[in-house]
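Turn these sequences into a full structure, and let the hints steer you where they fit.
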Amino acid sequence: MNKMDKIINYINEGNYFIVTSHVNPDGDNIGSTLAMYYYLRSLDKDVYYVLDDDTPINLKFLLKDIEILSSEEFINLNIEQYNLIALDCGDLNRICIDKSIIENSKKLICIDHHASNDNYGDLNYVMPEESSTCELVYNLLKKINGDKNTQVIDQKIATALYTGVVTDTGKFSYSNTHPSTFEMAKELLILGAETNKVICEVYGNNPYNYYKLLGEALNTLDIINNKIAVITLTQDMLNRNNVSFKDTDGITPYCRDIENVEVGILVKEKSSNEIKISLRSKNYVDVSKVAKVFNGGGHVRAAGLTIFNETIENAIKMVVAETLKYI
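Using our numbering, the letters of the sequence shown map in sequence onto residues 16 to 342.
Worth flagging that the hints you see were computed from the coordinates, not collected in a lab. None of these values were measured; they are calculated from a predicted model. A few of these clues could be false.
Computed list of lysine-lysine pairs in DSS-like fashion (alpha-carbon distance at most 27 Å, straight line) [as the list claims (entries may be wrong)]:
| hint | residue 1 | residue 2 |
| --- | --- | --- |
| 1 | 114 | 261 |
| 2 | 79 | 157 |
| 3 | 285 | 297 |
| 4 | 297 | 307 |
| 5 | 227 | 75 |
| 6 | 340 | 297 |
| 7 | 212 | 227 |
| 8 | 21 | 186 |
| 9 | 201 | 18 |
| 10 | 75 | 285 |
Now the in silico label distances, taken between C-beta atoms and shown as ranges [said to hold, decoys possible]:
| hint | residue 1 | residue 2 | range |
| --- | --- | --- | --- |
| 11 | 310 | 234 | 28 to 34 Å |
| 12 | 59 | 242 | 51 to 57 Å |
| 13 | 308 | 113 | 25 to 31 Å |
| 14 | 118 | 288 | 26 to 32 Å |
| 15 | 167 | 339 | 45 to 51 Å |
Glycine included, each C-beta is placed from N, C-alpha and C at the ideal position.
Rendered as structure tokens:
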């Protein structure tokens, strides 16, 4: 029995499930988790969406009818027997729920496409070569379609999956876009995915203050050796423009999308002692290797890391020095 069949069989046999994902939610995180949530609900399972983080403003449209519980709220329900499905989370320590919930789960199912994933689940469906975790969920549901000879992907699931694949492939522009990705997108369109709504909400609905922040951020742009571009966001900049930290990921491509630049680095001050760094590359630098040096992770062309108890200036120097080894 292959890994998909094992997961499908276990889901069919179980009754109580939690779906969750990684910290700092993004499109693939929410899209894959929500699609699995909807599918489990269609089976009349008791399913809880648990996540201890806020949703970026451009993805809230997906969750308008969904109740997301905090870990504390779930624990207070006193549910003793449940299974945990972690989606799009490459590291056990990045699952965004209380550790006690993970430890007390009957079985941990991991569905993910990060190359750094060490198969931490009891059941694992990990395929780094796929474009997104949403593509893995799509493959899983397509397998169920064939087994049951019925269509289980409705418009809500199709829209959630389309959001994840669009965002994780950069609107089908990144190197993780394969023929299978376009085939998936085609099928989701046929199944009713609200593609125009996804594009408008995710990419065309930024508040005015976001662009004021973007202007300030671009003024910090620094080019190193013509190959590395660094943009910095400080807490002062975020507060001055009234923009939440979680709503700044759209600035990352501005670092990379510059002539001759191979690696873009977005440095974000989350607090006085915590600096988040996003890495993006164009052609040949495996930024996941850079991130791994700092206990981060991700993909070949997109990765992230956190540096604690350092100044922004020192954090930039450290990451740039490591990146230069691959230029």
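Evaluation of the provided hints:
1. Note on residue 114 and residue 261: the hinted pairing holds, with a Cα-Cα distance of about 23 Å set against a maximum of 27 Å.
2. Annotation: proposed proximity of residue 79 to residue 157 holds, straight-line Cα distance about 26 Å (limit 27 Å).
3. For a cut-off of 27 Å, the pair hint linking residue 285 to residue 297 stands: about 26 Å separates their Cα positions.
4. For the proposed pair residue 297 and residue 307, the alpha carbon gap of about 19 Å is at most 27 Å, so the pair holds.
5. With a CA separation close to 22 Å, the supplied pair residue 227 and residue 75 stays within the 27 Å bound.
6. A C-alpha spacing of about 16 Å is found between residue 340 and residue 297, which places the hinted pair at or below 27 Å, so the restraint holds.
7. With a C-alpha separation of about 25 Å, the suggested pair residue 212 and residue 227 falls inside the 27 Å cut-off, and the hint holds.
8. Under the criterion of a C-alpha separation no larger than 27 Å, the hint pairing residue 21 with residue 186 is inconsistent with the structure, at around 32 Å.
9. Between residue 201 and residue 18 the alpha-carbon distance is near 26 Å, which keeps this suggested pair within the 27 Å criterion.
10. Simply put, residue 75 and residue 285 have alpha-carbon atoms about 21 Å apart, close enough for the 27 Å limit, and the pair holds.
11. Evaluation of the 28 to 34 Å hint for residue 310 and residue 234 yields a pass: the beta carbon distance comes to about 31 Å.
12. The hinted range of 51 to 57 Å is satisfied by residue 59 and residue 242, whose Cβ atoms lie roughly 55 Å apart.
13. The hinted window of 25 to 31 Å between residue 308 and residue 113 holds, with their beta carbons roughly 29 Å apart.
14. Residue 118 and residue 288 have their C-beta atoms about 28 Å apart, which keeps the hinted 26 to 32 Å range intact.
15. Checked against the hint of 45 to 51 Å, the pair residue 167 and residue 339 passes, with Cβ atoms roughly 49 Å apart.
In summary, the structure is inconsistent with hint 8 from the numbered list given earlier, while agreeing with all the others.
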